[in-house]
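From the two separate chains plus the hints, produce the assembled complex.
Residue numbers (my numbering), protein chains in the order written: chain A, 4 to 179; chain B, 31 to 262.
It is worth saying that the hints were derived from the structure and are not from the lab.
Treat the hints with care, since some could be wrong.
In silico DMTMM-like links for lysine to aspartate or glutamate, alpha-carbon gap of 25 Å or less [what the hints assert, rightly or not]: (1) B:89 to B:99; (2) A:67 to B:58; (3) B:89 to A:172; (4) B:150 to A:99; (5) B:177 to B:209; (6) B:150 to A:110.
Derived DEER-like restraints, expressed as beta-carbon distance ranges [unchecked claim]: (7) A:120 to B:207: 16 to 26 Å; (8) B:154 to A:81: 31 to 41 Å; (9) A:83 to B:156: 35 to 45 Å; (10) B:160 to A:81: 42 to 52 Å.
For each residue, glycine too, the CB sits at the ideal point set by N, CA and C.
Here is what each chain is made of, one letter per residue.
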Amino acid sequence: MADDPIGDPSVDPTAGDSWLGQQSAEVQQAIRSLRSENAKHRTTNKVLQSQISKLGDSASTIRKLSIDNHLLQKGTVDPKLARFYLSEEGQLDDIDVSAEDWTTLLDDRVNDLLGRHPELKGKAPMPTRSSTSGSTGGPGQPSMQLSRADAQMMTPEQVAAAFQSGHFDNLLGRKR
Amino acid sequence: MADELTDVITQSDNVLAEFEQSLKGTGEQSHAAFRSLRQATMALPSVGTAAATSIARVKQGQDASLPPEGVTLEAHRAAQIQQLTGDAHTIIEKLRQASYSAADALENTLHDAILPTPSKESGERMLRRDELSRVLAGAKGQAMIGKMVDTIGANPSWDAELLSDHGRALLASEGMSNEWGNFKRAAVGKLMQQAGGTERQVAAKSALAAFHRSNVRGRITAYHQAARMRLG
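If we strip away everything but chain B, and leave its shape as in the complex, we get (with noise of 0.2 Å):
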């Protein structure tokens, strides 16, 4: 069983190696966001090894503790076994939120860099918004979601802005400020489909792509179960 979490840890660390090379050209907040998942999963293991060999050590009475008086030997390395197994369980459980969190802000890291950056210029921008807003003319509701999906693609310009507070004023104009998120997601998956783009951006496009083929979140799950695993 250990050979056998051993090789599923090993792996996982292989795969994700292979990914923080697909991280290169996508800046500075993904390597951050990586590395952090990485303290977290790397961690995970280590704590269910460390309490593993701490409840043998109690086991085998090679801790050194006394029972308090009135209590048993036996009853105290019961006490303190059920001790470091909750102390254990509540650090891995920790670790895991923190890996899945760490997960999801290097998703929407790479989600962020892919998604064009706005004119400089004030002049510019005020005129992509009134292009946009002869494109929406019309329409309400989710018909106007619908419709900021389907332009996007069409205009790195009207690209920018929409995914811009611009677009994000637009939803709560029609009171659906709630639909940012779904919408910034269609819009990345559309422009993954995209060829091109800055070299920031077909760096994002290419990590993000490898992020979902490494299975990044399957693999916090396999370091997960390892640690509680090697805990016992």
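Extracted from the complex, chain A is given alone in its bound form (with noise of 0.2 Å):
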């Protein structure tokens, strides 16, 4: 063993090149050939690695790209929002994006946070008002008091959302 240094952990062949220059010049060669290959090897090895950890977070982005582009694609939600309130809900941590129907589970998830959020859709634009309807105004004005006739004509949904919004307030005397 003592005369096979390489061999001897108690040997270190990386302290210097006191001892290398005391070996031949075969073992020399040999010895700085199998350095020269551990250094590549070193060198692939930490380009592997690099890559190995950017895959990583490509499956993570592609992931994150899909949802997004999913949600935009769709249209009827802020993609950004929606992907706000799903993460907060934990609905999509379990979302494959490589299963078949990832989609449709997906929109599944955006139908019903749509359905609790109603805010998250996009809002129409408002409408404007005709020349002709002067300052009588309309079923959306708060300000017009409808009365029992009105009402008498109304669908009960109509009914419903004119006494939401105070148009039967004179009606009945109510006082807000």
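Encoded structure:
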């Protein structure tokens, strides 16, 4: 073992070239070749490790982009807001974008989210008042008060909405 | 009496609030239907209270309105009270109708959410329809409806086709278009008994069970009665 310093753990082959200088030319060449090969492997290893870590990032990036892209294509909801709400509720955690029906699952969840948070829907443009409507207003204007005859002509749903908006306040002597 | 009414309303409010939690995952339409239901039911007691307050004000002479010439103050007040009562009854009746209509819409939406969705691929759908035609071969009239109902639950793809326009067309071909609603209800009843399904279907089954457990229509009756009793 003492004759074989490379195999001897007490001898550090990288401790300097003094030991190497004492060796024969063939040994020196062999060791330099091994060191060079080792260095190449170390470099390759570093590159591969870097690529592997990037690959991990890519998978999550692809997942995020797939979800964002789908939300954007849906067009019914602000993708950023939808992503925020769904993330908060943990509803994106189990979405696997490689699964066949992931878009259906996401659509169902977005649809449900819109049901619970209607404010996430894009707001429709405000209707413009026609020049002939004058100041009499319409059911959308809270100042307009409706009569019993109006209520009788309206659908139950319209009456519920009108009551909510205060259009029957005068009729019922209601003060707000 | 007022306290009892308040208790009934509070209890119904709590039950409906709890029921709303069960709607999570059932889709936008069911939430919208529930909001319509709440809008109408919450308004019901308010109408009764508002009208009763106004009537009390008239009785106490606090409304500041004067009788027309030749009409006594008592007659004027009686007419005002009659007018207010009639107006309130009209609004209450409309809100009652809106509440029941919203409850029907909510139940129908939950039924629809339970139904499986047909495949998006036309080739796949053709294949399933071909299979179904073999399954239903020879059945006519009422026997066909019976066979269609029996087939529900055997294969989700067949269910989806039977509950789509294809199933509707099958019934129409036998002159039984008006049986579509009954068939759909029977199918939902069978699907309710089956475990599993998509996330939305599972949520809808749970919500539909909660809908019946909460006795939503009974709650509407309670709100309606409360509105009428508050009006007096």
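A quick look at each hint next to the structure:
1. B:89 to B:99: Satisfied, since the Cα-Cα distance of roughly 20 Å is no more than 25 Å.
2. A:67 to B:58: holds, 24 Å
3. B:89 to A:172: It holds: about 19 Å lies between the C-alpha atoms, which stays within 25 Å.
4. B:150 to A:99: Since the Cα atoms of residue 150 (chain B) and residue 99 (chain A) sit roughly 20 Å apart, the hinted pair holds (cutoff 25 Å).
5. B:177 to B:209: This hinted pair holds, its Cα atoms lying about 14 Å apart.
6. B:150 to A:110: Given pair residue 150 (chain B), residue 110 (chain A) holds - Cα atoms ~15 Å apart, limit 25 Å.
7. A:120 to B:207: 16 to 26 Å: Given range 16 to 26 Å: violated, Cβ gap about 39 Å.
8. B:154 to A:81: 31 to 41 Å: Given a distance of about 34 Å, which is inside 31 to 41 Å, the answer is holds.
9. A:83 to B:156: 35 to 45 Å: Distance hint for residue 83 (chain A), residue 156 (chain B) holds at roughly 41 Å.
10. B:160 to A:81: 42 to 52 Å: holds, 44 Å
Violated hints amount to a single one, hint 7; each of the other numbered hints is respected by the structure.
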